[in-house]
Amino acid sequence: MAYVIIGTCINDGACVDVCPVNCIHPTPGEAGFATADMLYIDPTVCVHCNACAEACPIAAIMPADKLPAHLARYEQINAEYARSRPR
Amino acid sequence: MSRSLTHHGPLRVAIVGSGPSGLYAAVELLKKNPGAQVEMFDRLPILGGLARFGVAPDHAVRRRVTAVYERLALASGRYRFHGNVEIGRHLSHQDLLAHHHAVVYSSGAASDRRLGIGGEDLKGSHAATEFVAWYNGHPDFRDRSFDLSTERAIVVGNGNVALDIARVLLLSTDKLRATDIADHALTVLASSKVREVVVLGRRGPAQAAFTAPELLELESLDDVDIVVEGSVGALARQVRPEHALRLQLIDEYARRGVLGRPKRLLLRFLTSPVEILGQERVEGLRVVSNSLAAQNDGVIVAKPMDSVGIIPAGLVFRSVGYRANAVADLPFDEARAVLPNELGRVVDPATRQPLTGTYVAGWLKRGPSGGIGANKVCSRQTVAALLEDAAAGRLAEPAELADRFDRLLESRQSALIDYRAWKRIDRYERNQGAATGRTRVNLSRMEDLLRIAR
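These protein sequences, in sequence, are chains A and B. The numbering used here numbers the first residue of the first sequence as 1 and each following residue consecutively. The numbering used here numbers the first residue of the second sequence as 1001 and each following residue consecutively.
Certain hints may be false.
[Said to hold, decoys possible] The calculated SDA-like cross-link candidates involving lysine to any residue, where the alpha carbons are at most 20 Å apart (straight line), are: (1) B:Lys-1175 with A:Phe-33; (2) B:Lys-1175 with A:Leu-71; (3) B:Lys-1175 with A:Gly-7.
Simulated from the structure, these hints should not be mistaken for lab results.
Work the whole structure out from these sequences, hints included.
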């Protein structure tokens, strides 16, 4: 089950630094970072290693199956960003 | 321009301001230079800056970021906090430079931008920033009074702060009590008569700066109708691709329509304030409807049309941006309200030459935009410039020995709040929360803060 970033994300980027497969975007080096509302995990690349969730200073990352109902939509929001992000 | 940096001991850096940008700078410095000693100052006895005083109480989880970076800084063994010390009052810029190789200013943007319309000084017309500081228990604002005996409040501005204020005004008392909102604010909000909040944007929904998560969160206001007006026209809907979700969410609220709930949040676009009306106090806001036009540079601007109206309301909050104040003894760019700088090096505005050992990070460097994390990139850039200057011998060796600094500090401010004293405050506030079933109960009176810190 892929991990999901929820809306409390503050774009700290600590998750980007620890992700072993570079599946979190936009990274601080990418063009969209400055205007990004939050960061997103690409579920097709995520290897479910939990490193990002541990690194996040505010616990804004969790496995998709642990999302509470009012945050469920973030699974689709992460996936949608990953599909449409500029490359 | 300066004597070269020879090895008379470790790199000593003063950081002014303990909000996210200062903490990010401290951690980056301590990491990149394994000998660096960081002295962090805050004019309040509290560490955290806008993470504590700007973040909305129902978003308190975001405040935790400071605790994480505090711990990282502390773990270095080369970091000290000096609260209740105001630079420009207890210590001057020259005092700091006499004892440090470099000073990083990260004191943020404490003021607000005004609307520049009539009636702005009427009772009931407030800066959003003051209301935010008040409900978060900032000691300088805890005695402000906000009369919430009106049914309708207007928030002028289309950023996340405007939505923060709308939520705080509309959240039920039970939900507010579950947060770390200041006690004095909870008491006032519990007897609030506000049933409707109108959030005004001069341009369209596509140009609003509300982020998607903040818009999505409005769904959880289960006794509030979300109403959308003025979300029409090609330009008003010409959204940047990365912000498509924002517009989609606004459209979803528009489609959902009125559900007959007891409270209402109205997002009214294409509308500008013209004059705040009232005799003694605010009675309403005169507004004008706008059309949009695209400039040559692609920027979409609002143009007033001739349709004017009045929105009756007893409260008007201006939420059109924070604004930094000038820093004593340093140049200031009044137009942008930042310290003039190149990549974080504070420069003479006329010659663009760097002022030796003087740096800036965060909102004071780039203006008040971007959330907490945007400051990390910003502070890293500043620290990179500082360390590059140190390596190139462009920093002056401090005139005074390191051990003289503590004596100077004690001679200027007897009520110093060091890191341990701050932790006594922090622990007390968390314990008070645990005792009353809340996340924490923040102290907001200086005398209480200083007493608990002892």
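Evaluated hints:
{"no.": "1", "hint": "B:Lys-1175 with A:Phe-33", "verdict": "violated (33 Å)"}
{"no.": "2", "hint": "B:Lys-1175 with A:Leu-71", "verdict": "holds (18 Å)"}
{"no.": "3", "hint": "B:Lys-1175 with A:Gly-7", "verdict": "holds (19 Å)"}
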